[in-house]
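Visitor: Chains as they are written, first to last, in the working numbering: chain A, 1 to 550; chain B, 1 to 302; chain C, 1 to 337; chain D, 1 to 415.
It should be emphasised that the hints constitute simulated quantities derived from the structure, not laboratory data.
Just so you know, these numbers come straight off a predicted model, no measurement behind them.
Be a bit skeptical, because a hint or two may be false.
As the list claims (entries may be wrong) - Simulated pairs of lysine to any residue, SDA-like, Cα-Cα distance not exceeding 25 Å: (1) C:123 / D:64; (2) C:123 / D:70; (3) A:120 / A:88.
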Amino acid sequence: MTALFSISFRATLGAATLAFLLPAIAAAQETIVHGADEEPATLDPAEVEPGEGGESVIFHVYDRLLTVGAESSDLVPALATEIPSVENGLISEDGLTYTFPLRQGITFHDESPFTADDVKFSWDRVIALELPGSGYEILSERVAETRVVDDYTFEVTLNDVDASFLYSAVLSMTASIVSQEAVEAAGAEGDGESNGLLSDNMIGTGPYTFESWNRTENMTLRVNPSYWGTAAFDDVRLEFGLDPDVRVLGLRAGEFDTIETDPSYVADLEGADGVEIYAEGLLLEPLHIGFNMNVPEGALPEGDTIPEDFFKDVRIRQAFNHAFDYTAFVQGALAGFGEINPHYVPIGVFGYDPNAPVYGEQNLAEAERLFREAGVWDEGFTATVVVESGSLFEIQCLILKDSIEAMNPDMRINVLGVAEAVFDEAIASETVNYAMWAKNGDPAADPIDYLMTYAHPDGEWGEIHGFRDAYVNPDQIANLIDQIAVELDRDTRAGLVGEVQSLLYADPMWIIGAQEGAVTAYRDDIENMVLQPLWPRPSINFAILDKTGG
Amino acid sequence: MAISDNAIPMSARQVRLRRWTEIFRSLMTNPTTALGMIIIFLLLAMAIFAPWLSTPNTPDAYQMPRDWGATRMPPGTPNHPLGTTNQGGDVLYGVIWGSRTSLQMSLIVVSVTVVIGVAIGSIAGIVGGWIDETLMRIVDIFLSIPELIFALAVAAILGPSFTNIILSLCIVFWVKYARIMRAQIILIRQADYVQAARVMGDSRLNIFLRDILPNASTPIAVQATLDMGNIVLVGATLSFIGLSESGIAEWGVLVSEGQAGIASGRWWASTFPGLMIFLWALAFNLVGDGLRDALDPRTEGR
Amino acid sequence: MQIRDYIIRRLLILPLLIIGVSIVVFALTRIGGSPIGVYLSHEMNASEVAALEERFHLNEPLVVQYWYWAKGALSGDFGYSGVAAAPVSEVFWGKFAATMELSVFSALIAVWLGLKLGVFAGKRRNKWQDHLTRIVAVSGASLPLFWFGIVLLIVFWANLGWFPVGRSDADIWDSIAHPTGFYTLDGLLAGSIPAFLDALWHLVLPSITLGFGAVAIITRMMRSALVEELQQDYVDAARAKGLPERLVLNRHAKRNALVPTVTVIGLTIAFLMQGAIAAEIIFRWPGLGRWMADAVVRGDQATIMTYVLFTSVLFLFANLIVDIVYAKLDPRVRLGD
Amino acid sequence: MSAQDKPAAPVIADMQNLRVQFDSKRGKVHAVDGVSFQIRDGEMLGLVGETGCGKSVTGRSFLDLIPQPPATIAGGKVLFRPRVGALCPDCGGDGCAACGGTGSETLDLLKIPAARMREIRGARIAMIFQDPGKALNPTLTIGDQLAEIFLQHRSAALLDEAGITLEDTGWQASALRRMAHEEDNWLDRRMRKWPPLCSGAQRLSKAVADRVAAALAETQIPNPVRVMKAYPHELSGGMRQRVMIAQALACDPDLIIADEPTTALDVTIQARILDLIKTLQRKRRTSVLYISHDLSLVRRVCDRVAVMYAGRIAEIGTVAQVFSNPQHPYTQGLLDAVPRAGTRRGHLASIPGNVPELVNPKPGCRFADRCTHVMPQCTSADPVQTPVADGHQVACFLRHPREDATSPANEVAVS
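Isolated chain A, as found in the complex (with noise of 0.2 Å):
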């Protein structure tokens, strides 16, 4: 209804500005100015990182298989016209072929048509082109081999049997599919090169069209009216490279429809005039500070009195784990916009047990039990947290400072705050130097995602952290993850992630502060606001808003 009639509208006004007015004015159809957090680096989903900028364009640019509405977490057909299933005989009885019947009719932005070949060649062209600091993996480790049946119909053959690969993989901006003719037609691709037209362009079937991109400023998107789905209401702009502060300055004055902001922000704009809150659900970005247990000898920072293997004892894991004071993290820092949820399996994935022994009241009697019996309460200890300066994880270092300090002011806490790059630097090496560090986790729909990367003994942080050496029983946790990759059978499955969170309980690897809440502010003349965190940051689809004002 309200579409219909904000389209007839914009129809009408469209009409007689072109008729009479400035091109200037006429060129004012509605348009949601969103004001952005991060500016692309690239918008080619090959050269993407994951959980960085231009996922959330390519989102809206290009259209994957399949996608998730914004209802629930369950998936939904998108150029694939059906969810592969055992069941109805799209996966291979083995599991390890999927078959994908595709939408017929459908044009690229380039007006060249869909086939499965696109689909062929963009999931091959991501996997041979290796480009360092994209998610290549997430395909280039799961597929064995790709196919093309008939021009509607596309087969993939995995390398092992993988529970989580519809979400994992076919879900992620990295899977998004571009237009071959395009891509071909500017040039030779090949070792580590692509040939940069994608870099700052964007070719896809999506909801909208790419408009244009000023560098530092801002991105227009126009409605693509051809789409094969319900078309979009308004055109979107992004403006880039407001600090947060001002971003809520700017939703407040009206000059921004949406932003992305964090619930620090939100809790101060809750009965602002012309501005409504959306908070409802949970990001699936757990904050973490992670246990280093593989620090090489000597490489801890000036004035660590900490032995390199401290958290070895799982004693002062624990303990540790106890001091945190998680109320102050979500009621002070978050502003109550999240949820306590101390363990590696989100609330909101598959498989989450609600009544698995959880820690997240902050019990200092315990903790300092468990130090004493450790024998680090008496002489006490200094030990450094290294966190991007600045961010909201810093904040929950200083919490668990504040939290260890003023149990015995003989056991410091140093946050390190240090600029993003050099952050990274420190982490991406294949050792990391310092005892702890905080981040957040990168989203996933699947359990198996969180547990591999970062629970599994052999996992990505289960080698540099050396969970291997520290866990109690390092084996029974590692069979259990593997089963879970895959398992098929739903309830099982969610079973022993339910048995893992038990284990993981007693054996922690990470402090992990909080869930945070998913919460945005936007005008309130912007209708049918959604965050589905299993949507790129913002977590915002723009084709489902409407704006409704003048």
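Could you slot chains B, C and D onto chain A? The hints should help.
Guide: Only chains B, C and D this time, still in chain A's reference frame:
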């Protein structure tokens, strides 16, 4: 008058005495300078008596005390007279202990840079020759990079921390003093009494210590006074851009952290510290300006 | 010494200084850490990191690294800016124009206000107006720009909504090209008055913020110069001829007082370059300053390098030109002695 | 008062008991402390004294060029009677006591409004400064600086020569009038480069240039046209002083204040400049107040001489009277000092002691503590001007009248 025409050359001590008394007189007579001095006096008092004005935070007094139960409190809330920050930091505490931080910063930087500058300037001026040449070229290089930008670059490379800010300021600010010192030496060398002293066979060191150093002190004093203000200003700017550590009681940090609130009408968290930076810089600039005028023959009345 | 010789000598020293600056800064950037941090992410594996190090010659000794850098710089390649996600040389000129446009307008404000205040104070030497002016001027230099800017932002953008932030209104400008990069000019060239006004409109707040800071320098110089001039015999001589005060001041005192005031232009430029950083951050001005600020926070060393080098070159040339102009303006000066 | 040989010329300038004080950090300096003298039409009066005795201040007071603050005029009158201008209200121009026989009205230069003073400056009373190097604006050409004075005081004539008559109205004429009165605005300066203004403007500037050239030529400056284009620093000291003189004489004033016009020049040129001044003064019968510390110069060129010491007139009379028969011990000392070469300028080697502090001075003869004939009353009371011969007065107790304590001179001194 006729008398001054055939005056006999004055001794170094006389010269000095006369200069300082002149300076002092004109400082006292100039209302703006007097204002500056009053503000400085108050700020210093605040810094010195900080522990009595608000009880130091344990274990580290230069860390903001964070009351996570009382974040974003407006001014006038019990035991937070100036309100609190987003992290429940007491703004008043920040303002008071910030004066100490600033005093530390400016004192350390000024004393370090003066020592370095004077040393290098003296070597260049006294030894002369190729050493002088090279040193002065280096000085030229440093002088051709605008202060703030240079400090910014250095601090960025050292990584964000309060100590690094101080370090970068030290690296940047010594140059002027070297310049001044050298110029003074070359200037004063020619003065009658120094010539006289040389004739009387004083050792170079003696002349330097007794005649040159004290006379060079006035222009250096001016520069130092001005820098006392500038340094806090530049330092605060660096912190604002994000090169300091959050959580410490430093005005620049507080302003940048307080920004978050301004958007939502929580003006106090950044306004008070910002005001302090302003007052600090203003006071020292006023006094420095006054000093300079007192020393600058051109602006002296006839 | 003759002016010509002096200037020639200066011109000869200039490149040496620039090289010196580049060495100093380069050494700093490399000692401080590797320039590749900004490209790294924990998605990368060791071989990728190694490849990057290869690309930046980090495995070579410092001298060699500098050689590579200098070679690149001479051929206009200043490296790749992680912040702008493009080669430095590509994005530089656009941002340069932005900063220059801002600086020019700020300078106009600063010069206009500075001279006015300077004369106002100089004429009333040691009267209360003089002291008041001094306080106003010194305030300009003592005001933390970042703070002052925020205050203006809140009042005039957020609350009153009189002035915008950013550099231009996307709707007005989407059809207008940027041949010069100076939006005011571009607007005029495109013959679009709304665009021109829009550009001006966006300039107001940042240039006030920046300009007010620079006022102090000019005011102070103009004041003392005027005070000095007013004590000259030829000012009395002019009076003795029966000239009205208006002419005595304008033709004999003010005019000559401008000459020494020229010498602070270099200082002013340096100040504007420095202030631009804060002003551009706050008003989201897409210029060199904000680029630098981002680069600093994100450790984008190619950008830091270029920016520092650029400002110092600008600074050096400004001072050289100032000397020349000074010599031209004042027939008396014989530089060097 | 009249000299017996020639009929007394009328008094055109009459200074009566001028008192000027300067504020200093140490107190009020009585720089000029009750100075009185008269300048007769066409005469050259020398005012001699040591550096800092207040003679320059006395001279500048004629042009109201004493900086206030720090100076304050504590009292006295500076009367002036322009040759041309309004007639004496009492006698209507026939000459009477009130106007000292000049027939023109009497102005008190310390009281007239600023606008009136500006009309007098440069036109009726001109000044030659001590150092031409300092008194010429370095950033303007000689031509420009001389032009100013004509544009200030001769606008009407210039317009006339440029062919713009009073009848001419309309914007062109008024634009040119603004130009001729130096009231032109930014727009005028642009527009006068183009028709229709340019022709008129050129005629005007031509007229100005002619007068400037003429004025320069009169001071025997070779190739005036070239000099007009030159900047002061491009000329020799002598040349500069000639320019100053040309500037002073430009509007043919009644009185010229020459403040040590040759001091800044080297000896060889001094003589020539001096002669130049003298001849021009004779030719035009201009009155000159010739301020100098150099008695020999004064003796050469002046008709009468006033000897000043520490802000007061010690002795005044014709050159013959003062030099042949000095009455005041100070004058005698000065005269002894004259022939001695190599003595520091403005300093009297022959007289022991120094010029006294002039801060809040006590009553008494200022010269007392250097005087060889000092008597008790010298340090208690101020000596008064006492006539010793016709037109020859001295302020010294040695020559003090016993009985007539109420002579007019007496009043002047004590009031």
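Visitor: Can you confirm whether the C-alpha distance between residue 123 of chain C and residue 70 of chain D stays at or below 25 Å?
Guide: 15 Å, holds
Visitor: Need the status of pair residue 123 of chain C, residue 64 of chain D: alpha-carbon distance at most 25 Å?
Guide: The given pair, whose Cα atoms are some 18 Å apart, holds under the 25 Å limit.
Visitor: Quickly compare the C-alpha distance for residue 120 of chain A and residue 88 of chain A to 25 Å and report which way the hint goes.
Guide: 22 Å, holds
In summary, the structure agrees with every hint in the numbered list given earlier.
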